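Novice: Spelled out from the first residue to the last, the chains are:
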Amino acid sequence: MPGSYKFIDHTADIACEISGDTIDELFTAASEAWRSSVVDETNYCEIETKTIELESFSKEQLLVDFLNELNFLLFTRKWLFNLIVDISITKKNGEWEIKAEIEGMPLSSEIKLKQEIKAITFHQMEIEKKGNKYSTLLVFDI
Amino acid sequence: MKVSGIELIKIRDNVWEIPASGKMRVPGRIYISQKMIERNFQNDEALKQVVNVAHLPGIEKYSLAMPDIHWGYGFPIGGVAATGLQEGVISPGGVGYDINCGVRLAVTNLEYESVKNKIEPLVARLFDNVPTGIGSSGAIKKLSKKDLKKVLESGSVWAAEHGMATQADIELTEESGTLKNADPDLVSERAYERGADQAGTLGSGNHFLEVDVVEEIYDAEVAGVFGLFEGQIVVLIHTGSRGLGYQVCDDYLKVLMKASDKYGFTLPDRQLACAPIQSTEGRDYLAAMQAAANFAWNNRQVIMHLAKKSFSETFGMSESELGFKLVYDVCHNIAKIEEHKINGGMKKVCVHRKGATRAFPPGSKLIPEKYRGVGQPVLIPGDMGRYSYVTVGTEKAMEETFGSSCHGAGRNLSRKKAMKNAKGRNLIKELNDKGIIIQARGYRTIAEEMPGAYKDVSDVVEVMHEEGITRKVAKVRPVGVIKG
Numbered sequence: 001m002p003g004s005y006k007f008i009d010h011t012a013d014i015a016c017e018i019s020g021d022t023i024d025e026l027f028t029a030a031s032e033a034w035r036s037s038v039v040d041e042t043n044y045c046e047i048e049t050k051t052i053e054l055e056s057f058s059k060e061q062l063l064v065d066f067l068n069e070l071n072f073l074l075f076t077r078k079w080l081f082n083l084i085v086d087i088s089i090t091k092k093n094g095e096w097e098i099k100a101e102i103e104g105m106p107l108s109s110e111i112k113l114k115q116e117i118k119a120i121t122f123h124q125m126e127i128e129k130k131g132n133k134y135s136t137l138l139v140f141d142i
Numbered sequence: 143m144k145v146s147g148i149e150l151i152k153i154r155d156n157v158w159e160i161p162a163s164g165k166m167r168v169p170g171r172i173y174i175s176q177k178m179i180e181r182n183f184q185n186d187e188a189l190k191q192v193v194n195v196a197h198l199p200g201i202e203k204y205s206l207a208m209p210d211i212h213w214g215y216g217f218p219i220g221g222v223a224a225t226g227l228q229e230g231v232i233s234p235g236g237v238g239y240d241i242n243c244g245v246r247l248a249v250t251n252l253e254y255e256s257v258k259n260k261i262e263p264l265v266a267r268l269f270d271n272v273p274t275g276i277g278s279s280g281a282i283k284k285l286s287k288k289d290l291k292k293v294l295e296s297g298s299v300w301a302a303e304h305g306m307a308t309q310a311d312i313e314l315t316e317e318s319g320t321l322k323n324a325d326p327d328l329v330s331e332r333a334y335e336r337g338a339d340q341a342g343t344l345g346s347g348n349h350f351l352e353v354d355v356v357e358e359i360y361d362a363e364v365a366g367v368f369g370l371f372e373g374q375i376v377v378l379i380h381t382g383s384r385g386l387g388y389q390v391c392d393d394y395l396k397v398l399m400k401a402s403d404k405y406g407f408t409l410p411d412r413q414l415a416c417a418p419i420q421s422t423e424g425r426d427y428l429a430a431m432q433a434a435a436n437f438a439w440n441n442r443q444v445i446m447h448l449a450k451k452s453f454s455e456t457f458g459m460s461e462s463e464l465g466f467k468l469v470y471d472v473c474h475n476i477a478k479i480e481e482h483k484i485n486g487g488m489k490k491v492c493v494h495r496k497g498a499t500r501a502f503p504p505g506s507k508l509i510p511e512k513y514r515g516v517g518q519p520v521l522i523p524g525d526m527g528r529y530s531y532v533t534v535g536t537e538k539a540m541e542e543t544f545g546s547s548c549h550g551a552g553r554n555l556s557r558k559k560a561m562k563n564a565k566g567r568n569l570i571k572e573l574n575d576k577g578i579i580i581q582a583r584g585y586r587t588i589a590e591e592m593p594g595a596y597k598d599v600s601d602v603v604e605v606m607h608e609e610g611i612t613r614k615v616a617k618v619r620p621v622g623v624i625k626g
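Chains A and B, in that order, are what the protein sequence lines are.
Residue numbering for the first sequence follows the working numbering, starting at 1 and increasing by one per position.
Residue numbering for the second sequence follows the working numbering, starting at 143 and increasing by one per position.
Isolated chain B, as found in the complex (with noise of 0.2 Å):
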C-alpha cells in the first residue's frame, strides 16, 4: 500500500518495508500494526524520515523505525541504524538534541495500599527536593569547572563519589553509567556553562518522575529477577543531559556539516550531517557525546537520590527499610558502538539509537550478572494518565533491531492540539479522580502532556511483544507525578 507516498510492503502482521530505491542504500524496515498505520500517518513526515535514513553511508541492514515512530527531524522518533564502523558515519540527527535521554525504574518494598493516604505529601516532597521546570536548576551546588569535568568523564561514578549513588546503582546502569571513551575538553566552554547548575534537574517538557504501583505481572520469573510485585509502589524518572547535551549537540551538528561537504555526503536532509566514524571529525563528536551521555546518567542518579530521600524524609524510614532499590537505568538517545551479526559474521557498527531503547537477551555480557538470566530490563514509559512497561530484551531484537526496542507512547496531539483540547477543563481534577496526584511548574506542561496527547503505550508495546523483540513483564501505572 502506499502512505503519504510511500510504498509499504507487508512482510509480516507487524512488519512492513520500504523497498529501497533512488540513493536509498538499504531498505526501510518499520515495525508496526496495520491499525496505527492508518492512524499515525496523516499529515507526517515519519515515514520519509525513515526513507532520508537509508541515504547514510556505511548504513547496514535496514532504516528501521520502532511502533511509536513519529515525526523527529533527521531520523524519525523511533528510528535505529547501524553504520559500519570502519565504513560508515555517525550522525548527531541519530542521537538527538537530548543526548542520553533516558529512563530508570526503582522499587521500594512499600504497598501502595498501605501508604495510599500518603501520596499527596510525597508528592509535594519530591517536588521541593527535584528541581523541575524549564531552566531548572540548584539541586545540587553549583559545579566547578573541575567537578562537572569528572562528570562528564565518570557519570555516575561521580554521585557514587560524593554519597549519592550505591555500587549496585552503578552496576544497574546500562554501560555502569559511564562511556569510557568520552572527553570532557571536547565539549564546549558553553556547554559547561549550560549544565553547570542542572545535575540533578528533571527540566520541563515530557520529562517527569512518577510515583507507580505495579498493576500488572505478565512473566512472574522475570518480574521476581527484576524484584518487581503486584502492588508495590515504584519509581519512574525520565530525563536526560538537559542544556549541556543540547549544545553538545549544536556545536557538533556545526562541525560534521562542514564535515559532510567535505567528505562529498549529498543528504536529503540537513539534520542527517554526518562524518566517517573514523575521520577525527566523527570521534571527537563521538567523544563529546559519550561525555554528554555520562552528565545524563549522572543526572538521573542524582534526580533519584533526592527522590530516595523524598521517601525517607515522607514515610520517616530508612533507605534500607523502604528497599528503595535501582531495577535498571536505560537511554533511549544514543549512540553506541556494538558488535551484531550481519551477513553471517560479526561486524563492529555505530548504533543509532533516536528515541529507541537497547534491549539486549539473556546470556549478553554487556547486561548486569544479576539479569544475564533472563534478559535486560527495557522500560517503556507511557503517558502520566494511564500506565508504562516494563519489558525484556530477547534474543530476536539482536537478529533483527540491532538489540533495539521502542521508548515509549509517542504523541498523538500537537501542543497547539493538546492546549485547545485541554480548554475548560481541570485536568488536575481529572488525574485526582483517577487516583493521581500531580505538581508541576505550570499548568500549561500539564495542558500540553495530558495523557489524550499520547497514544496508547499498550498498542506500541504490544507489537514488540508480538513479534518477539521484547517481552511484557509488568505494567505499572501512576499515582503521583511531577513535572516541569
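Just chain A, same shape as in the assembly (with noise of 0.2 Å):
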C-alpha cells in the first residue's frame, strides 16, 4: 500500500492527515498532498530532474525542510515538482538524511497555481507508528 492523504477541515489554513507503512511513503504522501494544494492535475511537458540531499536533527524537521524546499522551488525558482522518483530516508548519527530525486518542469503560463502556501508548520506536527503505520498532521499556512 503506498502513502495516503487526506485532507481535514480548518478555517484558516490547509491540514491533512498523512501516512504511509514506511517513513518513505509517509513523505511521499506528504508530498503530493502539497502538489494537490497548490495545483490541479497538469499536462506534463519540458520535464526535469533534481536531486534533494537534506538533513535535519528530526524526522519532523526534515519533512518541514523537504516541503519547504519543494515550496521554494515553485515560488522562488518557478518550477513546479511533480513526482518523487527515488526517495531515501535515514537516520545516521543522529541525524535524519533524505536524499531524493524528483522530477518536476518549469512554470508556465498553461499552469494555474490554486493558491501560494507562506510555509509549511509544525503545529500539531507529530510522526508516529501506530500499529504497522507512519503518520502525521500536516499544516500549511496560506
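Everything labelled a hint here was simulated from the structure, so no lab data went into it.
Predicted model only: the values in this text are computed from it and were never measured.
Note that CB positions come from ideal geometry on N, CA and C, so glycine has one too.
Be a bit skeptical, because a hint or two may be false.
Stated by the list, open to error - These stretches of chain A come out as covered by chain B in the derived footprint (C-beta under 8 Å, 3 or more residues):
| hint | segment |
| --- | --- |
| 1 | 7-15 |
| 2 | 54-63 |
Unchecked claim - Partial selection, computed: residues in chain B whose CB lies under 10 Å from chain A:
| hint | residue |
| --- | --- |
| 3 | W213 |
| 4 | G280 |
| 5 | R336 |
| 6 | G566 |
Unchecked claim - If you want the ones that stay clear, here's a sample from chain A, every Cβ over 10 Å from chain B, calculated:
| hint | residue |
| --- | --- |
| 7 | S36 |
| 8 | T42 |
| 9 | Y44 |
| 10 | N68 |
| 11 | N82 |
| 12 | P106 |
| 13 | L113 |
| 14 | K114 |
| 15 | T121 |
| 16 | E126 |
| 17 | E128 |
The task is to assemble the complex, starting from two chains supplied on their own in separate frames and drawing on the hints.
Specialist: As C-alpha cells, then:
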C-alpha cells in the first residue's frame, strides 16, 4: 500500500492527515498532498529531474524542510514538482537525512496555481508509528 | 461553562478566563461575547492554543486572545502574550510567517458622490499598477542585494530615499516604518532571493487593496484629527513581508526548535519553539524578524505610492490636489519590546501580537505627535463585501491587554466550504450589485474570500468598544477591491 493523505477541515489554513507504511511512503504522500494543494492536475511537459539532499535533527524537521524546498522551488525558482522518482530517508549519527530524486517542470503560463503556501508549519505535527503505519498531521499556512 | 473541553469562567460580559492548570504559568483571558463563544468554537483548536501559549517561560499576567480569535498554528490568531525581557522567551509562533502583516489607511479629499462613475477605471488602473496574486513580483525593478539590505535596515525610509514616500508618511507609520535594531546580516540568502522582486507587491490570499467610502462617523473629534469625513474616498492596504518574511520565520523556527531542546523547554506544540530573549538564538531571531518587519513597511509604502499614482492617472489630478495622505500604518503580526505596567511597576517585556494590533492611548510618546491628543489609530479590516473600522487606542488597553486590540473579522468558513458556497453564483456580479467593483487574478480567490466566508467584523469591534479597549471612530465600506 502506498502512502495516503486526506484533507481535513481547517478554517484558516490547510490541514491534512498523512500516512504511510514506511517513512519514505509518508514523505511521498506528504509531497503529493502539498502538490494537490497548489495545483490541479497538469499536462506534463519539459520534464526535468533534480536531486534533493537535506539533513535535519528530527524527522519532523526533515519533512518540513523537504516540503519547504518544494515550496521554494515553486514560488521563488518557478519550478513545479511533479513526483518522486526515488526516495531514501535514513538516520545517521542522530541526524535524519533525505536523498530524493524528483521530477518536475519549469512553471509556464498554462499552469494555473491554486494558492500560495506561505510555509509548512509544525503545528500538531508528530510523526508517529501506530501499529504498522506512520502518520502525522500537516498544516500548511496559506 | 465548558467549551471544547476547556473551562471558561465569566469575568465580565465580554471577558472570559481559562484558569491556570497543569503546567500553565498564567491563566488565559479571552475578550469575546457569549454569542461568539457559542458560534465560534465548534471543532476549533483556538482555545487549546490559548492554553498552550500560557506554558511559555516568562509569560506575564495572561495568555490573551482578542475577539477575532481563531485556530492558527502555535498561537491562536488574535493571540497576545508578553514575556519578561530578562527571564522570558521569544517565539516565532507568536508572530507568524507573515512578519509585520499589517494595514494602512490613506485619505483623499475626493467625495464618493462626485467620483462614483470613475471607480471602475480606477480599480482597473490599480490592478495594472499594483502586482497582485500568487508569487506576484516586479512592482519596481528587482532589487540588488545591496538595495534589499538597505530596505531591511531602514524600512519605509528606503522608499523615501527613492521618491516613494514623504516625511509625513514616515512619521505616520508605526515605529516610523523602521525597527532600528534590525540586522540584515542575520537574514538568509534564500530569504533575500525570495524578497528580491517582491517589494511593492500585494500577494494573494486575504491580502487586498480597497477603495472605500467613509460611511459613518462615531467620534467626530477623533475622526477630525485622523482627517476623516463622511462620504470621503479612502484607501486601505493589507499585506505583509511576502516570501522574505515567510523564509525568515522558517529559518529561525529551525534555530529555535534546537534552542528549545538546549534550554530544556517542554512545550505543548512544536510551533511554540522559543528561546530566551537574552540568548544568542533569541536575539538573532528578534533582529532578523525586525529586518523582515522593515521589508513589510517598505512594501506597504511602495504599494501606497503605486496607488497614489493610479489615482493621479485616473483623475488627472496631482498628489496635492487629491489630498492623498497616509492616516496610519499598523502591523498585526509582530513581537515588540515595550514597557508595561505589571504588578504595580513598569517592566520591559516582549509583546507578541499574532493577529492583534497595537492600540496605544492618548499621551503615548510612541505614537505620532499628531495623534497624541486622541490616541493611536487602530485599523480593523472586515471582508470585501461589508465594512472595515477605524478605531482608536485607550488607556484601558494599556492596563489590560498590553496595549493591544483585535485585527480583523476572522474566517467563518474554511476555503473549501467557501468554494462550495460559491458554486453556481456569480460573486463578481453580486458584489457589483452592491456597488463594489472587484478585480482579482483568479476567480478562486474571490470565491475563497467571499464576504460570507468571514465573520461580521462589527461583532469583533463591538466587543473591544464595549470593553473600552479600542473605541469606534469611523466605519468605511468598500467600493473598489483588488486582490490576488
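Novice: If a hint holds in the structure, say so; if it doesn't, say that too.
Specialist: Do the hints match the structure? See the list:
Judged by the Cβ-Cβ criterion of 8 Å, the segment 7-15 of chain A is covered by chain B as claimed, because 7 of its residues qualify and three suffice. Given a C-beta distance limit of less than 8 Å, the hint that chain B covers the segment 54-63 of chain A holds, as 5 residues qualify and 3 suffice. Satisfaction of the interface hint for B/W213 is found here, the shortest Cβ-Cβ separation to chain A being roughly 6 Å, below the 10 Å cut-off. With 10 Å as the threshold, the beta carbon of B/G280 stays out of range of chain A, its nearest partner Cβ sitting at about 13 Å, so the hint is violated.
At a threshold of 10 Å, the smallest CB-CB gap from B/R336 to chain A is about 5 Å, leaving the interface hint in force. Given hint, B/G566 at the interface with chain A, is violated; its Cβ is 20 Å from that chain's nearest Cβ, farther than 10 Å. No beta-carbon of chain B is positioned within 10 Å of the beta-carbon of A/S36; the least distance is around 12 Å. Every Cβ of chain B is farther than 10 Å from the Cβ of A/T42; the closest lies at roughly 15 Å, confirming the non-interface assignment.
For A/Y44, the non-interface assignment is confirmed: its Cβ lies about 21 Å from the closest Cβ of chain B, beyond the 10 Å cut-off. Not every CB of chain B is more than 10 Å from the CB of A/N68 (nearest about 6 Å), against its label as outside the interface. Remark: the non-interface label on A/N82 is consistent with the geometry, its nearest Cβ contact in chain B lying 18 Å away (cut-off 10 Å). The beta carbon of A/P106 sits about 14 Å from the closest Cβ of chain B, which is more than 10 Å, so the claim that it is off the interface holds.
A beta-carbon of chain B is positioned within 10 Å of the beta-carbon of A/L113; the least distance is around 5 Å. A beta-carbon of chain B comes within 10 Å of the beta-carbon of A/K114; the shortest separation is about 6 Å. Non-interface status of A/T121 relative to chain B is broken: a Cβ of that chain comes within 10 Å, the nearest being about 4 Å off. At the 10 Å boundary, the C-beta of A/E126 falls inside the reach of chain B, the nearest C-beta of that chain being 8 Å off.
No Cβ of chain B approaches the Cβ of A/E128 within 10 Å, the least distance being about 13 Å, so the stated non-interface status holds.
Violation of the numbered hints given earlier is confined to hints 4, 6, 10, 13, 14, 15 and 16; the remaining hints are satisfied by the structure.
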